[in-house]
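Go ahead and model the full structure; you've got the sequences and the hints to work with.
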Amino acid sequence: MPTTEGWWPLVFGRLSYDALPFYSGIATAAASLVVVGAITVAALLTWLGRWGWLWREWLTSLDHKKIGIMYVVIAMVMLARAVVEGSLMRAQQAIAFDNPGYLEPEHFAQLFSTHGSIMIFFMAMPFLTGIINFALPMQIGAREVSFPLLNSISLWLTAGGAGLMMVSLVIGKFSTGGWSGYPPYTDATFNPGVGPDYWIFAVTLGSLASTMTGINVAVTIYKKRCGGMNPFRMPLFCWTALCTSVLMIFAMPPLTVATGLLALDRYLGMHFFTNDGGGNMMNFANLFWLFGHPEVYILILPAFGVYSQVISNFSSKILYGYDSLIVATMCIAVLSFTVWVHHFFTMGQSADLNAMFGVATMTIGIPTGVKIFDWILTMAWGRVRFTVPMLYALAFMVLFVIGGLTGILLANPAVDFQVHNSVFLVAHFHNMLIPGLLYGMIAAYTYWFPKAFGFRLDEWWGRVAFGCWVAGFCLAFLPLYPLGLMGMPRRTQEFFEPDYLPFTIVAGVGALFLLAALASLVVQLVISIRRREELAVPGGDPWNGRTLEWGIPCPAPEYNFAVLPIVDARDAFHAAKEDGTAYPAHRIYSDIEVPKNSMTGVVFGISLAAAAFGLVWWMWWLAIVGVLAAIGAIVARSFVLDTMRIIPADEVRRQDQAWLTLVRRLPATDRETETTSANRGLAEAAAV
Amino acid sequence: MSVLTPHRHPGLNLGHTDPETHREAEETLFGFWVFLMSDLVLFALLFATYASMLGATDGGPGPRDVFEVSSAALETGVLLLSSLTMGMASIAMKYKEPPHRLYGWLAATLVLGLVFLGLEARDFIKMASEGATPQRSGWLSAFYALVSTHGLHVAAGCVWLALSIVQLAVFGLRSEVKLRIMRLALFWHLLDVVWIFIFSVVYLGGLA
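Chains as they are written, first to last, in the working numbering: chain A, 260 to 947; chain B, 34 to 241.
Just so you know, the hints here were simulated from the structure itself, not pulled from any lab data.
All residues carry an ideal CB built from backbone N, CA and C; glycine is no exception.
Treat each hint with caution, since some may be false.
[Said to hold, decoys possible] Pulled from the structure, derived: some chain A residues nowhere near chain B, Cβ distances all over 12 Å:
(1) Asp524
(2) Gly538
(3) Ala775
[To be verified] Some but not every residue of chain B turned toward chain A, in silico, with C-beta under 7 Å:
(4) Glu53
(5) Gly64
(6) Trp66
(7) Val67
(8) Ser71
(9) Leu75
(10) Thr82
(11) Ala89
(12) Asp91
(13) Leu107
(14) Ser170
(15) Gly171
(16) Ser174
(17) Glu209
[Stated by the list, open to error] Cβ pair distances, simulated, as ranges:
(18) A/Phe755 x B/Ser162: 55 to 61 Å
(19) A/Thr920 x B/Glu130: 56 to 62 Å
(20) B/Gly88 x A/Pro748: 42 to 48 Å
(21) B/Ala77 x A/Gln677: 32 to 38 Å
(22) B/Glu101 x A/Asn534: 38 to 44 Å
(23) B/Ala202 x A/Thr287: 56 to 62 Å
(24) A/Ala673 x B/Ser104: 51 to 57 Å
(25) B/Val226 x A/Arg789: 36 to 42 Å
(26) A/Leu612 x B/Ala77: 17 to 23 Å
(27) B/Glu101 x A/Met858: 57 to 63 Å
Below, the structure written as structure tokens:
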């Protein structure tokens, strides 16, 4: 097998037949699943003749709603993989008492590394970015984001990173250094293989994408609000999106620097984080968590925004303490930069420094507490409807408080010394991220799905999924608190302490519920698509919504608003319904400019992903070609000046008037029947 | 009609001379400023890494052994001069001076940018030949990472300058082209600011 001499290394670098995953049955099965899945999708598209449609309608689209939906698709695919990986680890630990189980230590280490990296960078980030992309422009009364092409580039960089993660399952072994990629586990001496390189480049692509998304979203909020939409009339989701995007702008560069310098260590033999040559691993820990802690709030703030919308909407009340929620969000965003050291209290700083960061960390509990009270008071004396998004919000409030309290425990350096690196920590951050982020994103998916596709998601299967997510989380992670206090270290592939076993078995059962939850989401989607006629809500307002996006058709037209709204109140659509001015008949329509499709983003993202693959495998020609192709795509695009397409006023008028006529004929729904097929998307309060 | 459009942004404003492009500039330039902020965070972290590795010479050469103030000063002069020519290009564009002036100033900026890169490459080669390679120590790794990240930005700026000259020739002074030159100017001046810090912190600080 010619792998080190002749033409082979020039073409294939260090890639050889050994890179295929035949070293383990599970790895082979997983890789086959990816390959078969990809082939099936490709075959299906060919059979249905939908490649052209996919390319024109989706992949090259610059419509913020479609880009948002594609982000969510990426997130859901990656969620499926990472939940399965998590379940494999839970299953291993459920049988691992005095027993090597079915996973080799190295394979187990790969699993917790991919699970964490995917969940953070390729599930959570694309999910929240997708939801922001989809909902935010409509909420502020805009037709587009500020930089539609940049948006597509961000999407395709994210897709490239996610693709690289998938490729790593088939070709080569992933890093064993965890999602945080600490050297020396990831330096060239300890791990000269391709794993850390996969991690570096997948994460870097995601990081660059998020930086650009942050810029795009922040500028959109500053510059694209409709008439009368002053900042203090924006829905709260927009405020949380603003804070998240500002955090992205400032907190993603540290990650890019950390992965970049680690790459220099590995590729060019430099000494940033090495044990010798004057390197200092602590610089990596500081750089990484300078990103990593704001990242936690990048993840959670949009979910807070979603909960604020959902709780207000399904309590039929204006959000309580709107201003205090904004201040609290801002405080959290600022404080998030002052606490990073709490991720490594045990790594040698002075007690005084630890104390300072401990106090700063506990301080974050205050604005978060304010939010919880605001949400409770929003529900108080309201008519709470227990729809699926609201159920998630309720479960979130209970479970998140528990997670928050364990966070306050961990913020105390003295306690942290006792439980650090134990499964107590694993329980804590899953407690924040599953009920916090994941429930919020699924609530958002359920809430805004009709706006994207024109029909509601099936309510019953939504409840089944909800039940499984909650039961699954509680069973899989709450036992890890006592287990951590008993001293079980995290990332343990085998243990010899019989007292751990009952807890790990319960956690294993929890993992089964989480798999069931995932399956329920799939079933829900399939059933909803089959019943789409029955679930259709063409009127556009299935939930008696309060914000601007509910005053336009479901699915939303490409240009969002036939005539740009002018608002004079918070919860503008609700106010319009009260005044009887919702669904206005416009006299004057104008031509609307929308961005033309562009393949620049696709070419850019795929070229850089190919370049990253080349770097991972030392195929230098591919790295050079990929980078040049990416630059070429941007240069070529700069010569295209005709980037906008006009939708003529007459066409807008025709569509808008057809919809208004339809709305007038629809039966109005009261809130008791909003989850039945009587719901056609016109709320009783606004019957015209 | 108001004399000034209400929205002004730091940097060159076209309010008086080209109101239409000025209006379009609002969103694009604001976005670019935000990008520059993010880029500055990247440099800030490279500076912080450099500062934390000042002592990490691992028995190898230190700042006094490898830096030459004359060469760094020359580079500083060339880069500052290029900022002046870039500024002159912006003014030529704003006041619609004859096109050859805009071409001339942009070309001068490009030449100065390339000279700067050449001088920097000469420094690096000389240092490496004395054994001060990036692999030698943590301090040298941090030095090369910081200074060549700046150099990479200048190189990107040079490509952008060349592209701007081509686009001027192809499209003339359309507002799209103007907006790109306005952003290029901001980018170029920022690189100057970063270099001032490199010169002060790395070179002067190292030799002090």
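Would the hint on B/Glu53 stand, with a C-beta cut-off of 7 Å toward chain A?
Because about 15 Å separates B/Glu53 from the closest Cβ in chain A, which is outside the 7 Å limit, the hint is violated.
Could one say that the CB atoms of A/Phe755 and B/Ser162 fall in the range 55 to 61 Å?
Between A/Phe755 and B/Ser162, where Cβ atoms are some 57 Å apart, the hint holds.
Against chain A, run the beta carbon of B/Asp91 and see if the smallest gap drops under 7 Å.
holds (4 Å)
Interface hint outcome for B/Glu209 [beta carbon to chain A under 7 Å]:
holds (5 Å)
Is 51 to 57 Å a correct range for the gap between the Cβ atoms of A/Ala673 and B/Ser104?
holds (53 Å)
Lying within 38 to 44 Å: is that true of the beta-carbon distance B/Glu101 to A/Asn534?
Violated, since B/Glu101 and A/Asn534 (Cβ atoms, about 32 Å apart) do not stay within the stated range.
Run the C-beta distances from A/Ala775 to all of chain B and say if the shortest one exceeds 12 Å.
Holds: least Cβ distance 42 Å, greater than 12 Å.
Verdict for B/Ala77, A/Gln677 (Cβ pair) under range 32 to 38 Å
holds (35 Å)
For the restraint on B/Thr82, tell me whether the closest CB of chain A is nearer than 7 Å.
holds (6 Å)
Does the interface hint hold: is B/Ala89 within less than 7 Å of chain A, judged Cβ to Cβ?
holds (3 Å)
Beta-carbon spacing of B/Gly88 to A/Pro748 - inside the hinted bounds 42 to 48 Å or not
violated (35 Å)
Holds or violated: is the Cβ of B/Ser174 closer than 7 Å to a Cβ in chain A?
holds (4 Å)
This entry does not satisfy hints 1, 2, 4, 6, 13, 20, 22, 25, 27, going by the numbered hints stated previously.
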